[in-house]
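Spelled out from the first residue to the last, the chains are:
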Amino acid sequence: MFLNICLYLLVLSNFLLLGTARVVQMTKYTALQGFLLAILLFHFGHTVLTVAVLLIKGLVLPGLLWRTLKKMPSEALICPHRLVAIDVIAGMAGLAFAIWLDGRLGSDLTHNLFPELFLPLGLTTLFCGLILIIGRVKAITQVIGYLAAENGIFLLGMPLMTQGTTWFELALLLDVFVAVFVMGIAINRISDSFASMDVDHFRSLRD
Amino acid sequence: MNTAFFSYLANLALALLLAPLLFGVINRVKAKVAGRHGKPLLQTYYDLAKLFRKSEVISPTTGLFFQLAPALQLVAILAALCLLPLGGNASPLAFAGDFLLAAYLLGLGRFAMIVAALETGSSFEGMGASREAAFSALAEPIFFLAISVLTSLHLDLGETHDWAFSLSLLFGGQSAGAWLSGKFELLLLPIVFFLLLLVENSRIPVDDPTTHLELTMIHEVMILDHSGPNLALILYASALKLWFFASLVAGLLVPDLGAMGFLLWIAVIFLVACAIGLVESSMARLRLKRVTTFLGGACAMAALVLIFSQMR
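Line by line, the protein sequences give chains A and B.
Taking numbering that gives the first Met the number 0, the leading residue of the first sequence gets 0, the next gets one more, and so forth.
Taking numbering that gives the first Met the number 0, the leading residue of the second sequence gets 0, the next gets one more, and so forth.
Keep in mind that the hints are not guaranteed to be accurate.
Here are the computed lysine-lysine pairs in the DSBU-like style, where the Cα-Cα straight-line distance is at most 30 Å [unchecked claim]: (1) 49/B with 38/B; (2) 288/B with 27/A; (3) 182/B with 27/A; (4) 69/A with 27/A; (5) 31/B with 49/B; (6) 38/B with 53/B; (7) 182/B with 69/A; (8) 27/A with 70/A.
The following label-pair restraints were derived from C-beta to C-beta distances [to be verified]: (9) 164/A with 37/B: 25 to 35 Å; (10) 33/B with 73/A: 41 to 51 Å; (11) 115/A with 147/B: 45 to 55 Å; (12) 38/B with 54/A: 44 to 54 Å; (13) 15/B with 70/A: 54 to 64 Å; (14) 96/A with 15/B: 19 to 29 Å; (15) 73/A with 100/B: 45 to 55 Å; (16) 115/A with 280/B: 46 to 56 Å; (17) 170/A with 35/B: 51 to 61 Å; (18) 259/B with 170/A: 52 to 62 Å; (19) 85/A with 117/B: 50 to 60 Å; (20) 54/A with 256/B: 10 to 20 Å; (21) 147/B with 185/A: 41 to 51 Å; (22) 282/B with 58/A: 20 to 30 Å.
Stretch-level coverage of chain B by chain A, calculated; a stretch enters the list once three of its residues show a Cβ under 8 Å from a Cβ in chain A [unchecked claim]: (23) 154–161; (24) 175–186; (25) 190–197.
It is worth saying that the hints were derived from the structure and are not from the lab.
Every residue, glycine too, gets a C-beta built ideally from N, C-alpha and C.
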C-alpha cells in the first residue's frame, strides 16, 4: 500500500513536471522525485543507495539547478503555455502506451521481475523525461527532462538490484551528477554568451 | 424504505437550512487568514432576510422573463440537489442516467440567468453572460468525463447497468470504499470535482465573488440589475449550488458508514468550504485566458484517472 502511494505520487509528479510552465516549480518537482525514489529504495532495503540518492537526486542536483536559475533572467524561467498542453497530452499517451505494453509483455515476465505498477510507471517517467527534452525550448528544462528520464531508468532498475549492483548504481549516479554539472556549466556559458536561453534561437547562429 | 426516505428528507432539510452557512464559513476562514475577525457566520441569513423584506427596482427594458429567471434557477438547482444522495442516503428520485438530468438542470438554471442578463440590454451584463456560458460549456465535458470514470469503476466492481449510471450509487460511499481498498488514483477525482466547484460557483481563481466593479468579472456582473426578493433567490440558489458541488466531493471522500455517516458527510462539506476559503486567501484571480488552462488541468486529471483505472 505504502509502495503504491509512492508510485502514484511519482507518476503525479511527472505530470506536474509536464503541466507546469515555471522552471522554478519544475526544479521542486525534480527534488520531489528524488525523495520518492529514495523512499522506494529504502523500502527495498538498499540503505547505502537510499542515502546516496537522497543526497544526489533529492538535494545536490536540484540545488545545482536552483543555483543556475538564480543567475538567469526572469523571462527565461517561463515556458510557452501552448507547449505545456501538448506535453501533457503526449505524457498521457506515454502512460497509456506503457500500461498497454505492460499488459502485452505478459504476466510471467513482468510479475517475476517487477512488482505491480513498476514497469508501466518506470516507462512513463522515462517517456515524460524524453517529452520534456524534446518538447520544451529552454536549455534548463532539457536538463530537468534528462533527470526525469534517468529517474525512470533508475525506477526500472530498482527491483532488479542485488547487493552487488549497489556500486554499479552508485557509479551511474556519479555519471548523472557529472552530466548535470557539465550541463549546468554549459547553460551558464550559453547564458553569458547569448541574450536568451531559448534553444530555438540557436537555429539562426552565425559566425 | 420509510426510514431511509425520512432520513433522506431530514438530510435535504439540513441542506436547505445549512447551505447559506457555507458562505459564512468561507468568509470567516478568509478573514482569519487575513488576521481579521470577519463578518458574522450567519451574515448570509441576515442578507437573505433583508433582501426578502425589500422592494424591487425593475428596469423598463426588461421583460417578464427577467423576473421569472431567479425562481427558475432556484427550482432547477433544488431539483438537481434532490437527485443527489445526501448524507449517504440514496435519493428516492434516483434512476439510471440521472446525472445527465442533474447536469442539464444546472444548465437550465444557468440558461435562465444568462437570458435574464441579456434581457437587461446592458452590454456589461451581456459580456458576463457570454463568459459564464463559455466557461460552463468548458466545465461540462470535464464533469461528464469524471462521471464516466466513476461509472466504469462501478461496472468493474460488478454493479448492474441500471444502477451504475445513477448519482445515488456513484456518490453514495462505494467510491470511497474503492480508494480505501487501494485504488489511490481515485483520490484525484475529489480534486477534479473541487476544481469544477470553483469554476461553476465563480470562486477565486476563476472569478472573484466579492467584486462588483471589475471588467473581468463573470457571475456577479450578470446579477447587477436584480434587487430585493429576486436577488435573495439568486443568493440562496448559489448557496444551494455550492452545497451541491461540495456534496459531490463529500460523496467521493466519505465511505458508506450507515446511519452515522451523515455527520462525517456534513463535516466534509464544511471542510470543503474551509478549503475554498484557504484557496481564496492564498491565490490571486487567474487571467481570463488562463482559466482554460486551469480547466485543462482538471480535464487532464480526470483523463489520468480514466487511463489508470481502465487500462490496468
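Original post:
Are residue 49/B and residue 38/B close enough, with their CA atoms no more than 30 Å apart?
Top reply: holds (16 Å)
Original post:
Does the alpha-carbon distance linking residue 31/B and residue 49/B stay inside the 30 Å limit?
Top reply: holds (26 Å)
Subject >> residue 73/A paired with residue 100/B, Cβ distance criterion 45 to 55 Å >> reply: For residue 73/A and residue 100/B the Cβ distance comes to about 50 Å; the hint holds.
Original post:
Taking the beta carbons of residue 282/B and residue 58/A, is their distance inside 20 to 30 Å?
Top reply: holds (29 Å)
Original post:
Keeping to a limit of 30 Å between CA atoms, is the pair of residue 288/B and residue 27/A held or broken?
Top reply: holds (26 Å)
Subject >> residue 96/A versus residue 15/B beta-carbon gap, inside 19 to 29 Å or not >> reply: Distance hint for residue 96/A, residue 15/B is violated at roughly 49 Å.
**OP:** Could you tell me whether the CB distance from residue 164/A to residue 37/B stays inside 25 to 35 Å?
**Re:** Hint violated: Cβ distance 59 Å, outside 25 to 35 Å.
**OP:** With 50 to 60 Å as the target window, see if residue 85/A and residue 117/B comply at their CB atoms.
**Re:** violated (36 Å)
Original post:
Could one say that the CB atoms of residue 259/B and residue 170/A fall in the range 52 to 62 Å?
Top reply: holds (58 Å)
**OP:** Check the following: the C-beta atoms of residue 115/A and residue 147/B are separated by a distance inside 45 to 55 Å.
**Re:** With Cβ atoms ~25 Å apart, the hint is violated.
Original post:
Can the suggested window of 41 to 51 Å be confirmed for the beta-carbon pair residue 147/B and residue 185/A?
Top reply: holds (47 Å)
Original post:
In terms of beta carbon proximity below 8 Å, does the segment 154–161 of chain B have 3 or more residues touching chain A?
Top reply: violated (count 0)
The structure fails hints 7, 9, 10, 11, 14, 16, 19, 20, 23 and 25 (numbered hints given earlier, in ascending order).
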